[in-house]
Every structure is written in structure tokens, then in C-alpha cells.
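Just so you know, the protein sequences line up as chains A and B, in that order. The first sequence begins at 42 in the numbering used here and counts up one residue at a time. The second sequence begins at 826 in the numbering used here and counts up one residue at a time.
Quick caveat, the hints were computed from the structure, so don't treat them as lab data. Be aware that a few hints might be false.
Chain A stretches covered by chain B per the calculated footprint, using a threshold of three residues with CB under 8 angstroms from any CB of chain B [said to hold, decoys possible]:
(1) 62-75
(2) 79-89
(3) 143-149
Which residues of chain B face chain A? A partial, calculated answer using Cβ under 10 angstroms [to be verified]:
(4) Y860
(5) Y873
(6) L915
(7) A917
(8) F929
Glycine included, every Cβ here is placed at the ideal spot set by N, Cα and C.
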Amino acid sequence: ILNVEQSPQSLHVQEGDSTNFTCSFPSSNFYALHWYRWETAKSPEALFVMTLNGDEKKKGRISATLNTKEGYSYLYIKGSQPEDSATYLCAFYTGTASKLTFGTGTRLQVTL
Amino acid sequence: DGGITQSPKYLFRKEGQNVTLSCEQNLNHDAMYWYRQDPGQGLRLIYYSQIVNDFQKGDIAEGYSVSREKKESFPLTVTSAQKNPTAFYLCASAPGTGSYEQYFGPGTRLTVT
Chain A
42 ILNVEQSPQS
52 LHVQEGDSTN
62 FTCSFPSSNF
72 YALHWYRWET
82 AKSPEALFVM
92 TLNGDEKKKG
102 RISATLNTKE
112 GYSYLYIKGS
122 QPEDSATYLC
132 AFYTGTASKL
142 TFGTGTRLQV
152 TL
Chain B
826 DGGITQSPKY
836 LFRKEGQNVT
846 LSCEQNLNHD
856 AMYWYRQDPG
866 QGLRLIYYSQ
876 IVNDFQKGDI
886 AEGYSVSREK
896 KESFPLTVTS
906 AQKNPTAFYL
916 CASAPGTGSY
926 EQYFGPGTRL
936 TVT
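Could you build all of it, start to finish, from the sequences and the hints given here?
Spelled out as C-alpha cells, the structure:
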């Protein structure tokens, strides 16, 4: 079973703060890295699917970078808002067996 | 409305009983997945199906069974052989596998006493 690690486990920031968290994955057999946002009482929702080393993707105030050679991805949130409060999951795909391996997530809480 | 439905939201069963969790999608997706979440752990894959009438075991398939008789439906049966069935179960679908984003249902919380 592949090891996908996310840090920190949880994070508490104030409204307006910018923040970032990390997803580490095996650097061999890379095919794709997914980021999902999971708000309480809702379904996980896809943020990004990243496939190329050096890739940078952006959706509003949220962006992500990918380093496949060293096996990590960063997710950045600029100017956090209370509605950004959620658990952020990353998931790794090796290109074989057609399945994702998820990390345990980073739980973000943004307060006023 | 396109999406994935799971029913029921909460399910209670006595130990020793089999129970089937429903998952339906109207997104015309080929691939469907079942995950389990336990406190402090990531989503763990139970079973997945890439096409109708075909499915594969995930990382924790023991004590579970599935069927994929129709493209839109992928029910999961939690059998009495599953040692720790109490968990939150999520179903997902995707147009294909791997680099396609997955679309998740709202989940079913199963409690077995």
C-alpha cells in the first residue's frame, strides 16, 4: 500500500491569513495527483488534478503546485475566508490498478 | 440534476446481519468506487469498477461484496464477515480512471451494534 502523507493534520487561521499545506507521495511511478475539498456535511469536491512536474493550478484564491521529482505538492489559500474551512485531501495515482490512494487530510478552520 | 445519490444517510444494523448500501449515478460515468472512512484515517478503497459487469478489489475488500449490473448502479454489501463494519461509506464515480477527478456522493454512516 502506497504512503501518502499530508501535513499539518489540522490548522487554525484567522480570516485574511494566507496558508499552505503539503502532500507528500512516492516520487516513483507518478501519474497524477488529485486535491479535494471536503466541507462538513457535504461531499468531497475536486479542486485540481495535476499530472505534470512543475504544474501550477489556480482556482480563485486557491492554488497548487506539483513537484513529482521530489514527491510533494503544496496547496495555497490566499486571504483565507470562513467558507474555506474544510478538510483538504490529496490523492495519488500511479497509473496502474486504476485507483487513488488518499492522504489523511489537512483540516483547516478559518475564524473571524 | 446530475449527480451521485447514496441511501440511506444513516443506517443501523445488528451484528451478524448483512446490509446493502445503495449508490446511483446519472453522470454516465464508466468508473465507480466505494471508500470507507474511519476517524483519523484517509479514505480507503473497498472496491472499484471500471465498466459494467466488472469490478476489482481495493485495499480493504475483505467482508464486502459488490455488483455492477447496470452502469448507473454500484451497490455495496457489508457482510457479517466484516469485523469492524461501523464506519462512514462514500461512493464515487468518474468518467474514467486515474487522471479523471472523482465525483462523490453524500455518504452513508453505518452503525452496527
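### Task
Mind listing which of the numbered hints don't hold for this structure, in increasing order?
Hint check: nothing fails, all pass.
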